[in-house]
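**Student:** Here the protein sequences come in this chain order: A and B. Here the first sequence is numbered in the working numbering, starting from 1 and rising by one per residue. Here the second sequence is numbered in the working numbering, starting from 1 and rising by one per residue.
Simulated from the structure, these hints should not be mistaken for laboratory data. Please note: incorrect hints may appear among the correct ones.
Calculated lysine to any residue pairs in the SDA-like style (CA-CA distance at most 20 Å, straight line) [unchecked claim]: (1) A/52 x A/70; (2) A/98 x B/55; (3) A/103 x A/52; (4) A/103 x A/39; (5) A/103 x B/41; (6) A/52 x B/100; (7) A/103 x A/82; (8) A/98 x B/68; (9) A/98 x B/7; (10) A/98 x B/2; (11) A/3 x B/78; (12) B/24 x A/45; (13) A/103 x B/69; (14) A/98 x B/89; (15) A/98 x B/115; (16) B/24 x A/103; (17) A/52 x A/41; (18) A/98 x B/53; (19) A/98 x B/44; (20) B/78 x B/46.
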Amino acid sequence: DAKTTQPTSMDCAEGRAANLPCNHSTISGNEYVYWYRQIHSQGPQYIIHGLKNNETNEMASLIITEDRKSSTLILPHATLRDTAVYYCIVRTPTGNYKLTFGKGTLLTVNP
Amino acid sequence: DAGVIQSPRHEVTEMGQEVTLRCKPISGHNSLFWYRQTMMRGLELLIYFNNNVPIDDSGMPEDRFSAKMPNASFSTLKIQPSEPRDSAVYFCASSLGSVRNSPLHFGNGTRLTVT
C-alpha cells in the first residue's frame with residue numbers, strides 16, 4: 001500500500017472548519033483513500049473514503065486532487081468531540097484487508 | 001446495530017499466565033481482524049479471517065499468540081504465556097468481506113496489562 005504523510009498535529013477553533021491534509025504521492029490508480037479517526041480510549045472510527053471524486057457524508061467531506069497525490073478531509077463545523085487522531089490510509093482494493101495505519105494527525109479543537 | 005463487541009475491556013495479569021481476549025463481530029460481517037496498538041509501534045494488524053478461515057497471520061508476533069474463529073459470531077485471541085511486552089490495547093474489527101472496499105468497524109478494544 002502507498003505511504004501517506006500527515007502533519008503531526010493541528011489546532012482548530014470550535015465551530016470552524018477543520019481541514020486535514022494528507023500526501024500520498026505514490027498512490028496507484030486503483031488505490032482508495034480512507035480516513036479514520038481515533039478518539040481517546042476508543043477504537044478507530046471509519047469516516048469516509050474515495051477514489052477520484054470528492055465525497056461527502058454526514059461526518060465529513062473528502063477532497064482529492066486531480067492528480068490524486070494528496071487529499072484533504074474537511075470537518076465543516078468542528079466540535080470539541082472531534083478532538084482525535086485522524087488517520088489517512090491508502091488501501092488497495094485487491095483483498096479486503098490490510099488497513100495500514102500510520103501515526104496520523106492529532107486534531108485538537110479548542111473552545 | 002451493537003457494533004463490534006470486545007471483552008474484557010481491561011485485563012491485568014501476571015507474567016506467565018494465559019490471557020484470552022474475545023470478540024463478537026457485527027452480525028453479517030464475514031471478515032474479522034485483530035489489531036494491537038502500542039505507543040511505540042502504533043496500530044498493527046495481527047491476523048485476518050475471512051469466512052472463519054485465517055487468511056493472513058503474518059502479523060502474529062510469535063508462537064505464544066494464537067487466534068481462532070470457531071463460528072461467524074465469535075473469535076478469540078490467546079496469549080500463552082503472557083509477557084510484560086505484550087501489554088497493549090488489542091482491537092478487533094469486522095467488515096463485509098463480500099463488498100469491495102467495505103470499511104472496517106472496530107470495537108473499543110481490550111487494554112491488557114501484564115505485570
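**Student:** Does each hint hold? Answer for all of them.
**Tutor:** A quick look at each hint next to the structure:
no., hint, verdict
1, A/52 x A/70, "holds, 11 Å"
2, A/98 x B/55, "holds, 11 Å"
3, A/103 x A/52, "violated, 24 Å"
4, A/103 x A/39, "holds, 14 Å"
5, A/103 x B/41, "holds, 9 Å"
6, A/52 x B/100, "holds, 16 Å"
7, A/103 x A/82, "holds, 17 Å"
8, A/98 x B/68, "holds, 19 Å"
9, A/98 x B/7, "violated, 23 Å"
10, A/98 x B/2, "violated, 24 Å"
11, A/3 x B/78, "violated, 31 Å"
12, B/24 x A/45, "holds, 17 Å"
13, A/103 x B/69, "violated, 30 Å"
14, A/98 x B/89, "holds, 18 Å"
15, A/98 x B/115, "violated, 31 Å"
16, B/24 x A/103, "violated, 27 Å"
17, A/52 x A/41, "violated, 33 Å"
18, A/98 x B/53, "holds, 16 Å"
19, A/98 x B/44, "holds, 9 Å"
20, B/78 x B/46, "holds, 12 Å"
In the structure shown, a violation is registered for the earlier hints numbered 3, 9, 10, 11, 13, 15, 16, 17, in ascending order.
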